[in-house]
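Protein chains in written order, with this note's numbering: chain F, 1 to 314; chain Z, 1 to 314; chain P, 1 to 262; chain B, 1 to 262.
FYI, nobody ran anything at the bench for these hints, they're computed from the structure. Possibly wrong hints are sitting among the right ones.
Claimed, not checked - Computed spacing ranges between beta-carbons, pair by pair:
(1) B/ALA182 x Z/VAL181: 54 to 64 Å
(2) F/ASP287 x B/SER197: 36 to 46 Å
(3) B/PHE261 x Z/GLU303: 52 to 62 Å
(4) B/ALA170 x P/ARG31: 38 to 48 Å
(5) B/GLN241 x F/HIS18: 37 to 47 Å
(6) B/ASP63 x F/ALA37: 56 to 66 Å
(7) B/THR172 x F/ALA111: 54 to 64 Å
(8) P/GLN205 x F/HIS18: 27 to 37 Å
(9) F/GLY83 x B/ASP63: 44 to 54 Å
As the list claims (entries may be wrong) - To give an idea of the chain Z side of the interface with chain P (calculated C-beta under 8 Å), a few residues:
(10) GLY72
(11) ALA190
(12) PHE276
(13) TRP292
(14) VAL294
(15) GLN295
Said to hold, decoys possible - With a straight-line cut-off of 25 Å between C-alpha atoms, the simulated SDA-like cross-links for lysine to any residue are:
(16) B/LYS201 x Z/GLY313
(17) F/LYS34 x B/LYS17
(18) B/LYS17 x F/HIS296
(19) P/LYS87 x B/LYS17
(20) B/LYS17 x Z/VAL294
(21) P/LYS17 x F/ILE112
(22) Z/LYS34 x P/LYS87
Ideal placement from N, C-alpha and C gives every residue a C-beta, glycine not left out.
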Amino acid sequence: MNDPQMDVDISVNLLSLHLKNPVMPASGCFSFGKEVASFYDLGVLGAIVVKATTLDERLGNPTPRVAETAAGMLNSIGLQNPGVKRVMQEELPYLSRYRSLPVIVNVAGTAIDDYVDVTRQLSSSPDVSAIELNISCPNVKCGGIQFGSDPQMAASMVRAIKAVATHPVIVKLSPNVTDIVEMAVACEEAGADGLSLINTVIGMTIDLERRRPLLGSGAGGLSGPAIKPIAIRMVYDVFRHVSIPVIGIGGIMTGADVIEFLMAGATAVQVGTANFVDPLACPRIIDETREWCVQHGVRSIREIIGAAQPANGG
Amino acid sequence: MNDPQMDVDISVNLLSLHLKNPVMPASGCFSFGKEVASFYDLGVLGAIVVKATTLDERLGNPTPRVAETAAGMLNSIGLQNPGVKRVMQEELPYLSRYRSLPVIVNVAGTAIDDYVDVTRQLSSSPDVSAIELNISCPNVKCGGIQFGSDPQMAASMVRAIKAVATHPVIVKLSPNVTDIVEMAVACEEAGADGLSLINTVIGMTIDLERRRPLLGSGAGGLSGPAIKPIAIRMVYDVFRHVSIPVIGIGGIMTGADVIEFLMAGATAVQVGTANFVDPLACPRIIDETREWCVQHGVRSIREIIGAAQPANGG
Amino acid sequence: MAPMPDVEVFAHETLGKDLYALTFASPIDLRAGNYQPGQFLHIRVSQSFDFLLRRPLSLCYADVDQNRLTVVYRTQGAGTRRLTACKPGDVIDVLGPLGQGFPIRAQDHRTLLIGGGVGVPPLLELAKQLRASGKTVQTVVGFQTAGQLMLVEELAAYGEVTVMTDDGSAGTRGLVTTALTAELCSLADRYYACGPSPMLKAVQQTMRVRNVPGYLSLEERMGCGIGICVGCVHAVYRDGQLTNAKTCREGPVFDEREVVFA
Amino acid sequence: MAPMPDVEVFAHETLGKDLYALTFASPIDLRAGNYQPGQFLHIRVSQSFDFLLRRPLSLCYADVDQNRLTVVYRTQGAGTRRLTACKPGDVIDVLGPLGQGFPIRAQDHRTLLIGGGVGVPPLLELAKQLRASGKTVQTVVGFQTAGQLMLVEELAAYGEVTVMTDDGSAGTRGLVTTALTAELCSLADRYYACGPSPMLKAVQQTMRVRNVPGYLSLEERMGCGIGICVGCVHAVYRDGQLTNAKTCREGPVFDEREVVFA
Ligand SMILES: Cc1cc2nc3c(=O)[nH]c(=O)nc-3n(C[C@H](O)[C@H](O)[C@H](O)COP(=O)(O)OP(=O)(O)OC[C@H]3O[C@@H](n4cnc5c(N)ncnc54)[C@H](O)[C@@H]3O)c2cc1C
Ligand SMILES: Cc1cc2nc3c(=O)[nH]c(=O)nc-3n(C[C@H](O)[C@H](O)[C@H](O)COP(=O)(O)OP(=O)(O)OC[C@H]3O[C@@H](n4cnc5c(N)ncnc54)[C@H](O)[C@@H]3O)c2cc1C
Ligand SMILES: Cc1cc2nc3c(=O)[nH]c(=O)nc-3n(C[C@H](O)[C@H](O)[C@H](O)COP(=O)(O)O)c2cc1C
Ligand SMILES: Cc1cc2nc3c(=O)[nH]c(=O)nc-3n(C[C@H](O)[C@H](O)[C@H](O)COP(=O)(O)O)c2cc1C
Ligand code: FES
Ligand code: FES
């Protein structure tokens with residue numbers, strides 16, 4: 001069972017994409033990749049998800065935009081980005097040097113038309129492998145989150161995007177809902193090719209000295225190890241109700257966390273906050289994931305996807 | 001501003017009750033008080049909230065029922081309790097020795113009739129100061145949580161209870177909803193005298209060796225410091241939309257945490273998980289709360305309730 | 001009133017691979033005598049919220065003269081691994097001794113102690129006290145493999161010890177129940193057992209057949225350790241009814257007659 | 001490729017009340033010279049998730065011979081308090097030096113350094129390097145009160161130092177801008193300032209009136225410190241447009257001409 005020389009296969013298939021391992025950085029936690037490229041070869045990643053991209057440039061929210069909480073952090077970046085045109089011209093081409101690295105572009109906006117417009121522009125790009133529809137950012141007023149909490153609205157958004165997208169469309173869900181399964185099913189029925197969950201949980205912390213919310217914008221999105229149990233449960237529940245692949249996100253810091261999400265039902269995972277704690281987090285987590293498989297005699301990581309589900313004896 | 005001899009008043013008025021300080025143990029995290037009475041004089045508490053009480057005895061969920069997570073824990077106790085009759089006979093009379101200690105009884109059930117029946121029985125008890133309606137326990141199938149996630153159902157429940165209750169009725173809300181304000185407003189309109197929030201957040205952790213959810217019942221409720229930012233934001237948002245008092249709950253470990261909830265808008269707070277970490281948590285937190293007021297020249301703690309709200313310059 | 005939970009560490013020895021003995025100042029005055037073998041200490045392995053819950057470890061040895069307690073533990077997960085970092089002179093946060101321990105019955109002459117894995121440590125203080133009250137002690141301990149043996153010599157100071165291993169790498173191959181022959185049991189007035197649930201269940205069955213009364217020390221995941229979270233329950237049959245008892249407060253030691261295994 | 005972030009601590013001195021100097025092995029080879037005064041080190045104060053984010057502390061002194069770096073910090077909250085626990089021999093996790101530091105311009109002769117509170121530490125390495133490149137250094141530092149003074153003697157080794165305090169308990173009563181008289185400024189080719197935002201804003205205004213060009217080191221709450229979270233931005237006016245620059249990567253030091261204060 002425990003042969004250190006054992007060859008393990010940690011590649012997974014996600015939609016039409018082949019990922020050499022299930023680990024990718026999460027949107028907004030890796031910018032567009034260049035900065036981290038000075039720390040390691042991005043080619044080791046399973047895929048890369050870039051920062052949310054909107055139709056026009058956005059300056060985002062007032063500072064402070066980040067705050068530490070117990071085993072987590074709050075952010076209220078508010079989708080600062082240079083707008084889809086500049087993203088396509090200045091950011092994405094850089095990533096094409098990593099030949100086998102799928103690039104997933106996170107798309108955000110305010111109204112359906114924005115999203116459609118961004119998607120249409122991206123559809124012509126040779127540098128894009130898939131679209132991740134961000135209907136779950138808690139940090140913009142009238143932002144995506146209304147689509148993320150109403151199944152009907154989510155479904156219309158997905159249909160509109162699918163009508164123009166030439167790439168697979170992954171819908172990123174918000175955990176700030178009463179019934180995550182209902183949201184997931186609505187997106188699947190509307191044609192989503194995959195789901196990623198979870199985005200951040202709405203939270204707040206107060207600066208006791210200034211007697212006001214610490215973040216410039218009041219509330220923010222909670223991420224990090226604190227939210228992992230919330231994310232695991234949502235992945236676990238959604239997995240049983242959909243047949244499209246699920247990408248697990250929330251609090252991943254180690255290879256064991258990756259395994260936990262896979263056992264819950266995720267086909268792949270995204271690593272967010274961990275990149276801030278340690279720029280080398282992704283390659284370390286990939287190594288640890290492989291090592292866990294070696295230690296546990298798992299020859300192909302695909303064996304353990306959904307292993308903790310009741311149907312699999314979990 | 002910083003006179004160590006300063007006399008500070010940390011008492012608060014909650015409904016018709018006068019609390020000598022804003023700190024009470026949370027339901028399910030203090031049993032019925034006897035065990036902790038061997039650690040300190042319960043008379044120092046602002047009030048006490050006892051374990052959820054149902055019509056008939058319940059044995060609860062399979063073990064394991066508790067699991068540790070980052071800065072938090074999951075539980076799936078499942079309302080184990082001896083039933084309202086025995087609670088009234090064997091548990092509550094013990095607390096009457098603490099003369100100025102308000103006793104809040106947490107009421108749970110499956111159908112409205114159960115809740116009404118329990119409330120009616122408690123209404124005749126001289127040992128009860130208020131009812132806390134638990135429509136938010138994530139740990140029982142067909143349990144209170146359906147009432148906790150649908151504003152209409154919550155309202156009918158509140159109306160039914162108010163019709164029979166002789167004590168003030170506090171409604172304990174679940175954070176597992178899309179719109180906490182909508183729930184709060186529905187309860188207020190239906191006659192709730194106060195609100196307490198939050199109950200636990202649904203979560204799960206997986207036992208990687210056994211490849212199944214660690215808790216015997218699968219999912220459980222997340223509590224502890226990890227959820228404090230979620231709770232603070234909900235208290236902050238609800239405060240501005242209701243005129244009944246709000247009791248803040250979630251991850252309180254220190255006096256500074258109490259101050260944070262009060263600034264967000266809570267009139268009083270409940271301490272849950274901290275009691276498990278340290279049986280002396282409540283008296284320590286009360287001391288720290290008083291000390292914070294001394295350090296900050298706050299003569300009456302009531303001054304800071306809602307201080308972080310925009311209307312108060314926050 | 002509660003004793004101060006912050007106590008000083010006096011020694012932290014490595015007994016074997018992943019096996020440690022931690023000795024610290026007793027939170028209570030041991031000379032007052034209000035502690036029992038089979039009780040546990042509820043220890044915070046760190047003040048970090050990474051380890052919010054305490055870890056239960058059995059009282060393994062009480063040094064009354066020096067007012068010190070020793071626990072013996074095997075690293076299991078991150079918490080016990082974290083605990084290994086504490087050094088003599090450090091202060092740790094310890095609640096206890098907590099719970100109901102093993103009762104020592106005046107009428108008994110010959111006792112049989114049965115331990116498996118990390119269930120062995122409480123048997124040492126038990127053996128010491130049984131011998132001190134004039135009873136004979138016979139012990140059977142089981143481990144997965146030779147590398148996991150613990151406290152065998154120490155236990156041998158109080159009576160004969162039979163060692164069983166799952167793989168036969170030390171002592172005799174087999175489960176502890178293999179050693180619980182009619183012959184061995186006929187020499188016992190009472191038994192005391194501590195170990196994982198499957199072992200306890202098998203011991204209970206065997207000893208019922210052998211007609212020897214006894215006590216079982218149960219192992220459940222704990223939240224508070226003091227009876228307020230209702231996390232640690234185990235099914236018991238009591239007053240003609242099946243109910244759930246808190247193992248931290250009504251146990252961890254129960255009369256085998258009331259313990260119900262699934 | 002990234003340097004190893006785990007480095008050994010060599011010294012941890014108490015400089016005053018709540019004030020510490022921490023010296024550790026440089027994560028990069030200082031002899032290669034690719035570091036600047038005004039850059040910062042991004043330090044994990046503990047491996048615990050209680051302190052998930054790193055803390056930015058300015059490079060205060062680089063000992064090239066020994067390849068060691070020193071940061072000087074005041075305890076502010078729980079994180080910096082936790083950092084005080086680390087001892088010589090401990091290993092800490094340090095990223096950096098990161099960001100854009102203070103540029104040293106060949107054409108300058110006379111420089112004016114302006115620091116407030118915990119903005120003073122980076123001025124020490126700056127003063128050292130300015131002197132080493134043959135410039136004169138004049139320094140103005142401001143503190144709330146005498147008890148918070150830091151590095152005044154060390155700075156005096158490189159040029160004259162004017163001390164201001166809010167309450168007049170040391171040096172002259174007043175803000176740093178009080179000391180930025182037309183006379184003093186007429187002697188400066190360029191200024192370098194580091195401190196809290198209100199001070200920087202006042203310094204920027206004053207020095208624009210005085211017509212002295214300069215650099216400001218901005219302080220914003222940081223997430224990653226390496227440019228990937230977009231948490232630490234500050235408004236800048238660039239290419240005719242108002243935009244948000246990342247202070248961790250494009251800063252913390254900016255040409256005062258582009259910095260926009262609210
Ligand atoms: C009454 C009692 C007495 C015990 N005495 C001893 C002893 O003397 N020596 C010894 O080595 N071990 C003993 N154990 C088991 C010991 O408590 C666990 O090995 C330890 O808690 C594991 O913690 P961890 O952080 O290393 O593991 P993790 O799996 O990381 O712990 C996570 C959580 O699960 C709990 N947990 C994990 N495994 C167990 C377990 N087997 N039993 C109870 N809780 C568990 C932990 O307490 C913690 O809350 C005893 C258990 C009980 C209930
Ligand atoms: C580029 C830069 C250089 C700095 N150099 C120094 C220095 O040389 N010496 C020194 O004493 N201080 C310096 N500071 C300030 C120092 O980073 C904070 O005092 C420290 O992060 C506070 O951490 P804490 O855990 O004690 O406080 P807490 O308030 O508990 O910290 C909570 C979070 O807020 C952040 N935070 C709190 N206060 C500040 C602040 N003023 N600036 C930035 N982030 C903050 C922390 O980094 C952490 O993420 C510098 C700040 C920046 C941005
Ligand atoms: C600073 C920050 C910025 C983020 N920006 C985005 C974003 O632009 N688009 C998006 O879909 N999610 C965004 N997220 C959410 C993350 O992609 C991820 O869903 C979340 O942080 C949970 O994962 P984690 O716990 O590993 O961080 C952001 C998160 C953080 C912390
Ligand atoms: C073990 C456990 C049992 C609980 N039982 C109840 C209960 O019976 N009724 C209830 O309303 N809430 C119950 N709760 C929720 C708490 O009262 C509280 O709302 C929650 O734990 C958040 O607070 P904390 O983070 O301080 O623990 C329970 C929580 C825990 C951890
Ligand atoms: S561990 Fe909490 S009741 Fe036993
Ligand atoms: S701190 Fe993350 S971008 Fe600057």
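Evaluation of the provided hints:
Between B/ALA182 and Z/VAL181 the CB atoms are about 57 Å apart, so this pair conforms to the stated range of 54 to 64 Å. At about 42 Å, the CB distance of F/ASP287 to B/SER197 agrees with the hint of 36 to 46 Å. Range check, B/PHE261 to Z/GLU303: about 32 Å between beta-carbon atoms, so the 52 to 62 Å window is missed. Separated by about 57 Å at the C-beta atoms, B/ALA170 and P/ARG31 break the suggested range of 38 to 48 Å.
Between B/GLN241 and F/HIS18 the C-beta distance comes to about 42 Å, which sits within the given range of 37 to 47 Å. Under the hint 56 to 66 Å, the C-beta atoms of B/ASP63 and F/ALA37, about 31 Å apart, miss the expected range. Hint check: B/THR172 to F/ALA111, Cβ distance near 58 Å, so the stated range 54 to 64 Å holds. Taking 27 to 37 Å as the suggested C-beta distance range, the pair P/GLN205 and F/HIS18 does not conform, at roughly 53 Å.
Checking the proposed 44 to 54 Å range against F/GLY83 and B/ASP63 shows it holds: the Cβ atoms sit about 46 Å from each other. Evaluation of the Z/GLY72 hint against chain P yields a held restraint, the C-beta minimum of about 7 Å falling below 8 Å. Annotation: Z/ALA190 was flagged as interfacial toward chain P, and the flag is violated, the nearest CB pair being 31 Å apart, outside 8 Å. The criterion of a C-beta within 8 Å of any C-beta in chain P is met by Z/PHE276, whose closest approach is roughly 4 Å, and the hint holds.
Below 8 Å, beta-carbon pairs count as interface contacts, and Z/TRP292 has none with chain P, the closest being about 20 Å; its hint is therefore violated. Residue-level restraint check for Z/VAL294 is violated (minimum Cβ-Cβ distance to chain P is 25 Å; threshold 8 Å). This hint is violated: Z/GLN295 has a C-beta 22 Å from the nearest C-beta of chain P, more than the 8 Å allowed. Note on B/LYS201 and Z/GLY313: the hinted pairing holds, with a Cα-Cα distance of about 23 Å set against a maximum of 25 Å.
A C-alpha spacing of about 42 Å is found between F/LYS34 and B/LYS17, which places the hinted pair above 25 Å, so the restraint is violated. As the CA atoms of B/LYS17 and F/HIS296 are separated by approximately 52 Å, the hinted pair breaks the 25 Å bound. Restraint check for P/LYS87 and B/LYS17: the C-alpha separation of about 29 Å exceeds 25 Å, so the hint is violated. Distance check on the hinted pair: B/LYS17 and Z/VAL294 sit about 22 Å apart at the alpha-carbon level, within 25 Å; holds.
This hinted pair does not check out: P/LYS17 and F/ILE112 have alpha carbons roughly 61 Å apart, beyond 25 Å. Simply put, Z/LYS34 and P/LYS87 have alpha-carbon atoms about 36 Å apart, too far for the 25 Å limit, and the pair is violated.
Comparing the model with each numbered hint stated earlier shows that hints 3, 4, 6, 8, 11, 13, 14, 15, 17, 18, 19, 21, 22 do not hold.
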